[in-house]
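Kindly produce the complete structure, drawing on both the sequences and the hints.
Number of protein chains: 2
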Amino acid sequence: MWKNETAKRLQVRYPIIQAPMAGGVTSTSLVSAVSNAGCLGMIGAGYMSAEQLQEQIREVKALTENPFGVNLFIPGRYMTTDEKVALSNRLLDPLKKELSVHEKTTNLPTAEKDYDNFANQLKVILDEGVPVCSFTFGIPSEEVIGQLKQANVTVVGTATTVKEAILNEKAGMNVVVVQGSEAGGHRGTFEESSEGSMIGLMSLVPQVVDQVNIPVIAAGGIMDGRGIKASFCLGAQGVQMGTAFLTCEESGANELHKKEILKATEDQTVITKAFSGKAARGIQNDFIETMKAYEDSLPAYPVQNTLTKGIRKAAATQGKPAYMSLWSGQSPRLSKNQSVDELITGIVAQAESI
Amino acid sequence: MWKNETAKRLQVRYPIIQAPMAGGVTSTSLVSAVSNAGCLGMIGAGYMSAEQLQEQIREVKALTENPFGVNLFIPGRYMTTDEKVALSNRLLDPLKKELSVHEKTTNLPTAEKDYDNFANQLKVILDEGVPVCSFTFGIPSEEVIGQLKQANVTVVGTATTVKEAILNEKAGMNVVVVQGSEAGGHRGTFEESSEGSMIGLMSLVPQVVDQVNIPVIAAGGIMDGRGIKASFCLGAQGVQMGTAFLTCEESGANELHKKEILKATEDQTVITKAFSGKAARGIQNDFIETMKAYEDSLPAYPVQNTLTKGIRKAAATQGKPAYMSLWSGQSPRLSKNQSVDELITGIVAQAESI
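Protein chains in written order, with our numbering: chain A, 85 to 438; chain B, 85 to 438.
Mixed in with the good hints there might be a few duds.
As the list claims (entries may be wrong) - Selected chain A positions facing chain B (Cβ under 10 Å, derived; list incomplete): (1) Q138; (2) L192; (3) M282; (4) I306; (5) I438.
Simulated from the structure, these hints should not be mistaken for laboratory data.
Ideal placement from N, C-alpha and C gives every residue a C-beta, glycine not left out.
Structure follows, in structure tokens:
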């Protein structure tokens, strides 16, 4: 069941992609373990500088000879106002006090800096000969896609609706990851009319497969061989799994984050914009609850993300999950704390047995 | 792939259930055609009087010797206030004027009348020897379940979370339908902590299957053999399909409703409480848009449902989909206008070929 166009293109034994979770989850040990196990490890580089990215790419290369990939966030224009920043700071101040976060957040991101960083990240990917590059929050320019493809980098887009999948195909993406409403972490939505559409994977995959000619990778809520086999039945050529890898021993996720997922139930995740200014799925907690009423008045991504950084970091250090961004998909009951090898061996055998 | 415990229990060739869509969609010709094709036709009796139900059961019996089922809504306590009713009427008045609906809505439902009707519906089911009875919006009393099971009626519950599935099993249900967030029409949610949880089917099915011992039927967004085979891979023993049957030639749905689904895309459905007071998925239109801001201030189901009845009926008669409840799941791109026989023959062959 594993040998298909996508496995061939990604040069992997199993067309199973470890989702490029940003923010330190995709440690070198996670990425290399996934690639060594015959799947595709991915560095979630969205928040990295070019230097950090280059360093991790070299670390990964030292630990695996198999292909791996890097995911980048497409920089975008974003609107924020001093009033929005002030409101956010006013809401965050009591939490900062509670967590003894004293630094003021200065140096807010700007679209200009984001574009510069993106250009530098791309240069690293080309310089280091990374075989796969995926994108979230948009589609890069024709020029960028052309450059990458000319350097034999496989380019992978992200879509949350049929329209977004078609846009990815038209832009020249080799493969498209379709993200169902079940998925944990940030929604990859980038096209205005797709906002809030929240299509479940069971609906999304066949409708996309019927409308595009490039291979489709299913993402969202897939945790084991059952989800993999089901995705193939729907017409996908591979899967991308986040939460299943997040709780693995090798993952760089905070141990508290892992624990919260391991004990969560399927009805405990919610969509929130409170942490970053962009919609994302995580386990309901006090932070989300407190900010809920103001969600639509907060600064846009990535400004809000920067404003909440100190709180998230301090909460993690101090062991307070109530203020951490506990990203998780809708299948936490299927999560396990095990090695990447155990996970992959288990799900491959399970998928083959169905 | 079709011979399993569920097919045996439901006495059908294919464990494919036609969802019991209420409000006239499940015409006698639809129900009997589904049962004649080896699947389970269901009468959506939620809004019917005992007399109407008895009449349709007899009509169906005259057209098929195969088993069929009836779905009932569990009556519940509901809170409404004169203020809420007044607000709703104030919002609906301009629409009534536009549609020339002159009758005042009197005779609002009461919990007492609902309970009486439910008792009378149950009596008909027992008197007529209906082989399968499913329930939405809750779980009937131990006494009712005992009575039905003693009369050899297969009882089928509805769940939207693992917790609700476990409650159904504990109550003695023979089978449980799990409804993913993709599903069209009313959410079957009945347990308070499950409200708003909106679990996608890819996440819901395996997590339920791991926690209950009764057979699980997958519902939500399934339209063809791909969805059926995928559901089986996830651990379901059967599927329930609504939208796929709604657009069939034999369905009693308004022709405009069928047309709107046939031309809709996956991103056009939304969850709204505006039509009935209970969350349901349908194609976005002016009515939903107009009522959106007031959704949480409207009377509860079934009061709001009664208040909007005149408008929905007039809109359908006058060909104005902008004010109709255009229930649809998230896979309208997969809908076809064909006969029930063509639908079932096609999806069975497709599922077998995967």
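Here is what the structure says about each hint:
At about 36 Å, the closest approach between the beta carbon of Q138 (chain A) and any beta carbon in chain B exceeds 10 Å, and the interface hint on this residue is violated. With 10 Å as the threshold, the beta carbon of L192 (chain A) stays out of range of chain B, its nearest partner Cβ sitting at about 32 Å, so the hint is violated. A distance limit of 10 Å between C-beta atoms decides the matter here; for M282 (chain A) the minimum to chain B is near 7 Å, and the interface restraint holds. The beta carbon of I306 (chain A) is positioned within 10 Å of a beta carbon in chain B (closest approach about 7 Å), and the interface hint is therefore held.
Annotation: I438 (chain A) was flagged as interfacial toward chain B, and the flag holds, the nearest CB pair being 5 Å apart, inside 10 Å.
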